[in-house]
Amino acid sequence: MILVLGGLWIGQNINLLPVDASANAPVYDELFRVLFSIGTILFVGIVGLVVFSLVRFRRKPDQLGDGLAIEGNLPLEVFWTAVPAIVVLFVGLYSYDIYDRMGGMTPLNHGMDHGGMQHSAADHKAMEGMDESDAMAGRVWGGIGNGSAISTSAENAVAAVPIEVTAMQFAFLFRYPQGDFISGELHVPAGQPVSLRMEAKDVIHAFWVPEFRLKQDVIPGQPTVLNFTPTRPGTYPIVCAELCGPYHGGMRSSVVVEEPETYQAWFNANNKLNVADA
Amino acid sequence: MTTLNQADPSATNDVAPHEHGDHRMFGVATFLVADAMTFAGFFAAYLTFHAVNPLQPDAVYELELPLPILNTVLLLVSSATFHKAGQKLRLADNRACRQWLMVTAVLGLAFLVSQMVEYFTLPFGLTDNLYASTFYALTGFHGLHVTLGALMILIVWWQCRTPSGRVTAHNQFPLEAVELYWHFVDGIWVVLFLILYLL
Amino acid sequence: MTVSLPPQSEQHTPSLQPTGWLRYFSFSVDHKVIGLQYLVCGFLFYLIGGALAGAIRTELASPMSDFMPRDVYNQVLTLHGTVMIFLWIVPVVNGAFGNYLIPFYVGARDMAYPRLNAVAFWLIPPAGLLLISSYFITGAAQSGWTAYPPLSITTPASGQMIWILSVLLLGGSSIFGGINFIATVLKLRRPGLKLMQLPMYCWAMLGTSILVVLSTPVLAGTLILLSFDIVAHTGFFNPGLGGNVVVYQHLFWFYSHPAVYIMVLPAFGLVSEILPVHCRKPLFGYATMVYSIMAIVVLGLVVWAHHMFTSGTPPWMRLFFTIATAFIAVPTGIKFFNWLATLWGGRISLNSAVLFSCGFIVNFVLGGITGVALAQVPFDVHVHDTYFVVAHFHYIVYGGTVFVIFASIYHWYPKVTGRMLNEPIGRLHFLLTFIGFNLCFAPQHWLGLNGMPRRVAEYDPQFAFINQISSVGALLMAISTLPFLWNVVASAFNGEIAGDNPWKALTPEWLTSSPPPVENWVGEAPLVEEPYGYGVPIDQIDLKATSGRDLWSSGK
Ligand code: HEA
Ligand code: HEA
Ligand code: CUA
Ligand SMILES: [Cu+2]
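Chains as they are written, first to last, in the numbering used here: chain B, 1 to 278; chain E, 279 to 477; chain F, 478 to 1033.
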């Protein structure tokens, strides 16, 4: 009992994670706390048993013979088969739920056949942008973040900001098709869904923003979509998480989450299409 | 309870040499399981490519069937002739055994020749596209197996040239091992034929 | 009676006295010699791999790439991973202990195919030297031990090709070994010995060898395809030529996930041998242990895609692989609880072998729990390819398997040499290793959660302090090797004489002289029907009588 309560307390109160800055990060943290609690309980329990046994049952100098000849105990065996089974089943279902809320369960290659599928407005918008720009590539692979929790939430009304990400040795480039300009830094408006369409030029890279709890491999020959909604303004690192060559460690960039107005100002300052119009 | 029994003396021939033959066949069979897994990996790769990376329509090429069908027949017949050779050896008829072995080897070589002919008449080369590469990798790896098999058949053929040679009715292991291997290679070909040519 | 094995290439006096030391450098077919060859050879590679780890930790002591050039760093980490897995863990837990113990356990005088066995061993040194020498000749492979294309296609070809070649050789060695173990366990059992009477390590090796035979060939095929891509410019895994890089990942992990059980199942088996002897209790739940090994084998073959959760795999696949992976915790858990129950109520001698075994339990449970966490897709998406994963698997491969290797060395050293290891030094070794290990790898969990990716030579300076702690831990681990080495070498010459059965154990390898004669038993092999029959009250059986010599000479 103490063990369980203690584990729960540790799991809920010790935070090992960086700040959360996207809509799915709090959901993720919820999962993390559950896993951390369960893990702590199990770990402390088992270590406790080991240490207790080693101390309690160690051979004292005057003891000669053997221990007890217990060879097995069916109820016990059933018990400790059932408990982990239930735990992993619970954890599995729970994380499935979390994953769904983070938006991972939407079918992937809806770039191919979006006719029969239900899409949120945001999804659709992003998809159309892609289909135009990339009719040839055909199949688009989806990453996490294009699912129910995010697209059915309140932000839904706002169209997703489409951004094209190109990863290459050893940099990320961000192209804003709505303004036809390229930036070395990712700027996104807080509270608005963003849809990244990612492609790699040479080898596999991975787009990772620890504060968003999001990572997606960027695979050459396999365009991938990653949707998310940033929430907390600030500047966060973008890290390449897949070994891609000698400068893999230096392949970093940052994402700037800004208030929508600031973002709009930045966008207008860079917008090439507007300049051309004017 | 502690029971540490001594064996009864009647069971002393537990590691007698004659038992070793069985174990060697067991080892050959296990090895073939491993070999089958190599092919399974190739097949899996091929099927995945097939499903995930469809070719541009202009690169699709229908494979001709006559040669491969001939090949299939050659191999299947060679399996039968090898089986015959084994039977003859068991009857201690080394001469007949050698004849059947030779037929088998010739069939195997014929397979290789016809495979070569196919290679040279195909309109695509190894590096033309993904599909071509996989085609050559699979058939090439199989062909390597056939080549090795044919060589081993010839070795066995050589070894049983006299009734007192290495391969005799009393020591059939080399022949049996190669036979099992040969049937295995045939089996792989059938799968390969189904997947590669008919699918 | 005399022995009826086919003639062997050597006729030594039935003892391991110095006269025969040359055979350790020769093509010996004696399973005990081969086992020791594996062990010593593996340990030398461990020192090399450890030195490489030292280089990694030195580089990472500062956030800049200052200790070595960046591409050299990638070579070092590739070599480190490859050496540790293919030249240390796999050959030692399988080859070394398997060869030494399995024939004893099944009551045979040698492995089923002694010659194949020697071939399997002698593939290893050349392959290892080839791998290491590539660093000096052309520069080693730089794409990590996973060798993902297209990176592995675009980095310098010579190093990558040597890497492929040497891994193919090592894979071949492993397959030959696996075939041998399966045949020995299933076919060479002494008449009268039933499968369910075998010591647990036999089961572990049977399961492991099944995995080896089923999965290693797939790796071989994959690497052959990869080498075509490199030298013949085919496009299997080259997206520029229409290939698909994810297919490589599937094939690679189809081998490399089972490979992790190839590294740990034998360790499970060894622990199952060590604990009952020193706790003086039967192994708890023998039958469930056997079933859980087999369950791990089956499940282990169908979980590989959990390494690819961010590679754009379809959702149903992620769901399936999450569930399958998490379920491995159930059979593994059964084994752990059985060991705990074996400890419970025992008369535990707190010697180095037991300490290392218990260290293993503690570390592995932590590594397993982080493993189950990693199996959850949403969790993995954040920490994949970060130091969290590095921490996970070092907790398992080092805290798990390497700890067991040390435990086993303490346990079987008297068997092999006839002398005891020095206990106090052994405990010192344990203490230093345990502290150094946790100091080194526990902080890496935090690093991964907070944004440090793996395989980087330079990193965000905010992580410098934690990395330095980790490097200090590594230094402590390096230091901890010294007392061990000293102990092993010195005790070989003037350790306390052990006698035939110093632990009063009941498994068959102890029921002969220490060191054992060339064909294991001078007379008949004993039929051990209850390898774990401990726990008999002291007045009912005189344990001294079960020390080998009396048994096989008196005929009881
Ligand atoms: C010996 C080696 C070994 C072993 C045994 C394991 C065992 C496990 N591993 Fe690990 N793993 C590696 C070596 C190993 N691993 C390596 C080398 C990598 C990195 C490869 C690379 O990318 O370079 C890796 C990576 C890795 C990943 C991919 C991470 C990533 O790259 O994103 C995952 C994800 O699922 C994973 C999961 C697991 C699980 C669930 C187990 C399970 O088998 C663990 C089961 C054990 C327990 C759970 C503990 C005991 C059980 C109990 C006490 C019962 C109660 C417990 C519960 C109810 C939870 N491992
Ligand atoms: C399988 C077993 C295994 C073992 C035992 C170890 C042991 C160690 N590992 Fe390793 N490690 C891997 C397998 C293993 N590792 C793998 C598979 C990878 C992934 C590679 C990849 O990404 O591709 C990896 C990666 C890896 C990294 C991540 C690198 C990166 O991603 O950038 C780090 C960093 O800290 C590390 C550290 C260590 C340390 C400090 C030890 C220590 O425990 C070592 C302790 C031992 C010693 C210190 C030896 C002592 C002896 C001496 C020092 C004597 C000197 C030598 C001579 C005179 C010859 N390892
Ligand atoms: Cu790009 Cu690592
Ligand atoms: Cu795995």
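Simulated from the structure, these hints should not be mistaken for lab results. A few of these clues could be false.
[To be verified] Some chain B residues near chain F, calculated using beta-carbon distances under 7 Å:
(1) Met102
(2) Pro246
(3) Val256
From the three backbone atoms N, C-alpha and C, an ideal C-beta is built for every residue, glycine too.
Tested hints:
1. Hint status for B/Met102 relative to chain F: holds, with the closest Cβ pair at about 5 Å, below 7 Å.
2. Because the closest C-beta pair between B/Pro246 and chain F is about 4 Å apart, less than 7 Å, the hint holds.
3. The restraint placing B/Val256 at the interface with chain F is violated, with a minimum CB-CB distance near 17 Å, outside the 7 Å limit.
Taken one by one, the earlier hints fail for this structure only at number 3.
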